[in-house]
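K.L.:
Please build the complete structure, drawing on both the sequences and the hints.
Chains as they are written, first to last, in my numbering: chain F, -9 to 148; chain S, -9 to 148; chain P, -9 to 148; chain Z, -9 to 148; chain G, -9 to 148; chain C, -9 to 148.
Hints should not be assumed to be uniformly reliable.
A pair holds if it fits inside one copy or across any two, identical chains being indistinguishable in the list.
[Stated by the list, open to error] Each computed BS3-like pair below joins lysine-lysine, with the alpha-carbon atoms no more than 27 angstroms apart:
(1) K87 - K31
(2) K27 - K140
(3) K145 - K27
(4) K145 - K87
By construction, these hints were calculated from the structure, which means they are not laboratory data.
Protein chains: 6
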Amino acid sequence: MNLTHLDENNKPKMVDVSNKDDTLREATASGVIRVSKEAFKAVIENSAKKGPVLQTAVIASIQGAKQTSNLIPMCHPLMLTSIKVDIKELPEIFAFKLFVTAKLKGKTGVEMEALTGVSIGLLTIYDMLKAIDKSMVIENIQLEKKTGGKSGDFKRQN
Amino acid sequence: MNLTHLDENNKPKMVDVSNKDDTLREATASGVIRVSKEAFKAVIENSAKKGPVLQTAVIASIQGAKQTSNLIPMCHPLMLTSIKVDIKELPEIFAFKLFVTAKLKGKTGVEMEALTGVSIGLLTIYDMLKAIDKSMVIENIQLEKKTGGKSGDFKRQN
Amino acid sequence: MNLTHLDENNKPKMVDVSNKDDTLREATASGVIRVSKEAFKAVIENSAKKGPVLQTAVIASIQGAKQTSNLIPMCHPLMLTSIKVDIKELPEIFAFKLFVTAKLKGKTGVEMEALTGVSIGLLTIYDMLKAIDKSMVIENIQLEKKTGGKSGDFKRQN
Amino acid sequence: MNLTHLDENNKPKMVDVSNKDDTLREATASGVIRVSKEAFKAVIENSAKKGPVLQTAVIASIQGAKQTSNLIPMCHPLMLTSIKVDIKELPEIFAFKLFVTAKLKGKTGVEMEALTGVSIGLLTIYDMLKAIDKSMVIENIQLEKKTGGKSGDFKRQN
Amino acid sequence: MNLTHLDENNKPKMVDVSNKDDTLREATASGVIRVSKEAFKAVIENSAKKGPVLQTAVIASIQGAKQTSNLIPMCHPLMLTSIKVDIKELPEIFAFKLFVTAKLKGKTGVEMEALTGVSIGLLTIYDMLKAIDKSMVIENIQLEKKTGGKSGDFKRQN
Amino acid sequence: MNLTHLDENNKPKMVDVSNKDDTLREATASGVIRVSKEAFKAVIENSAKKGPVLQTAVIASIQGAKQTSNLIPMCHPLMLTSIKVDIKELPEIFAFKLFVTAKLKGKTGVEMEALTGVSIGLLTIYDMLKAIDKSMVIENIQLEKKTGGKSGDFKRQN
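P.N.:
Okay, here's the thing in structure tokens:
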């Protein structure tokens, strides 16, 4: 039971990765926003509107992922080498599922970058739709998979 | 069906609030992170460790709420006059529920600030515990209530 | 000949606007990016691509305008109440003309916010097209008009 | 004995100033950096070099003061209406004394903005001179005076 | 005709450079601001004032170049290893020409950093002079040369 | 007498480290805040309060160290690989002494990161205690030691 972000006096610290190797690391995270039928249709049924709503979320995800070390106190500053965002429409439940994949050749993993990107992207969809529906819920923000690094690979079991 | 963040040519815009009154506005949002039993106990059973883990999340929430207009593209820069964070332990489901209440005397609401604060706080808990458990899930990020402003009050029905 | 940003010892300072009134201020700036015929067509002739290229620029303009006081050393932090971006296609000269209008109810003007938004938007178009053409030129970044404030209105003579 | 930044459960919070009046508030802080004789002379005896070294510090002070609420976790975002920096040469002790005066018409004081501006300005002088002298010491960062606001005026007794 | 910043579904993405080599990359960009005769003389004829005006622009250029990946949505975060700014006075046309050279040992080029530095530096000169002249025009922001990287060198033909 | 941050025309520049090797670099800085007896006791005598006050300072130090290149104009952006903060209570003089150790495998030293972390941490303690005591003084911000890099090691003589 290893709280790696606490030092021997239980003070927060940034973990020392100085001597880790630069290896290729990749992480994919996802999350869902459930909206009202009305809000879902406002986006989906009008292709002229769908573009800007969902692309604003894509751009916010990418920009948000780059801000991870400024937002999450113990995260290391990282030079992400790739960020890719996908948004899947889930019409049967009036929801959008957003995926972010981040990559890095570096000393520490990029899970937090992928998860932060997902969170900011979903909050942006909330913001774009909140004049129609304030009861939307963001859910299931989770790591999907992770490769590279000493702690081993991770793949979510569904 | 009003996508207020798109202009007449369906381009994103920041809504014009220049002529709205400065009134007291308040919003509370919440969200949950579900963790493994092992991760939950690592935090809860050791009061020397619980402090720094949860307080790091509180501070990240407050700092994150202040970054909202830098993160969510169409949000207005705002001068928040109060941010308060609470974290409730949910031992029966091995989860933490985080609440953020933001206030402002200004021209537009603070829902996004409360929701962003919740998201960043939960991501910080994820980060502090991810060496123990990578399968944690963040869920139910939602607006609880909102008062002030022309669009009327909102209170979530549960 | 008034260098308002230098103090009595010729050191840079932020001008004191503490006692100015909060009035409605608005400014519009514009600028142009000239690109190759090939780059222009890559954007314009494919409506599936035009959307994301130009909307990325719109979003970057809005986000950039909000960063003005962090970028331009003597600028005051301001709470912009409206930012609107337009992009006009100039097919006869293979160029895009980008306009930003910023508004504020406050103590100082928003010219720098409009001009910064224009600059960041045009740089974003450059970035999106630079794999096709590196010789693009950004030109004619200028204030179009300005209203509100004690120094009087401004309207560019063409 | 009032730790205003802790709530009833001893969690950090941003103090609620929602209902405070907008009044004119002003604060002046100062601090000193002591350098080697050699480093002091490198700056002072060459007027072509003194300008850029000290002006870089002035600009960093102003930019730093504007970042206060991003750096100090419980500080409110504020719209500073004036920032003025002075640097006094203290040749008898090979030191520079830097003063920052910040102003605001708002709901809370600007001591932290003045103190943060001083700190960043002095760190910038350190950075500019560190190739000559690594043993420099920054000292006596302190509030000089403060006016406005309910808690009353403050003037340092020397 | 390669819009590298759009993915297969025409959504913006950050290009994947994970597997590119770390090589020395360098880019120089330039741009011009044309001002009124009166504004030009206010800066040039008084050496006590020329220093702080132009040095504020130099510092803003350097600081702005470091913000590139926060401002231009698809830009990678980069660890610039050198930024150098020059300003040439063009008295015959009452203008200033600003050059920024950026360097990096890394996986992707630094054109956008050089161009962003130029833009922010010119906007800063505009800000410092706008009390004298609001009709100033920023023009000819362009890449001068670029070396390093797989896409080959670039040198502007004049 | 080497002002490395000025170029041949005495303009500020970011030093060119493009061709320096990536080596392990480490720096420790410290600083002190002297507070009133009353303020010191408010923190120390109540363990429920000591935690959040000092941990907020720890977190602010870590976050502040990561902002160094945004705050100190000529600093290079760096990917810190470790940040560790300690706070020593000095009851005999009613003071707190804060230490920051930063590490990097890179091309330039991390003294400024350690010193900036110290400064921001001490300012945060000031902020947390200023309702009790406004006359607190921050002093002795200094480099303790530094290893790695071509300029040789440094260890403060006391």
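K.L.:
Work down the list of hints and note, for each, if the structure agrees.
P.N.:
Hints and how they fare:
In this assembly of identical chains, K87 and K31 lie within 27 angstroms of each other by CA distance solely inside one copy; the values are 15 angstroms within and 31 angstroms between copies. For the homomeric pair K27 and K140, the shortest alpha-carbon distance between copies (24 angstroms) is at most 27 angstroms, but the shortest distance inside one copy (45 angstroms) is not. With identical chains, the CA atoms of K145 and K27 are at most 27 angstroms apart between copies only, with a shortest distance of 20 angstroms across copies and 32 angstroms within one. Proximity of K145 and K87 under a CA criterion of 27 angstroms is satisfied in both settings, with 18 angstroms inside one chain copy and 26 angstroms between copies.
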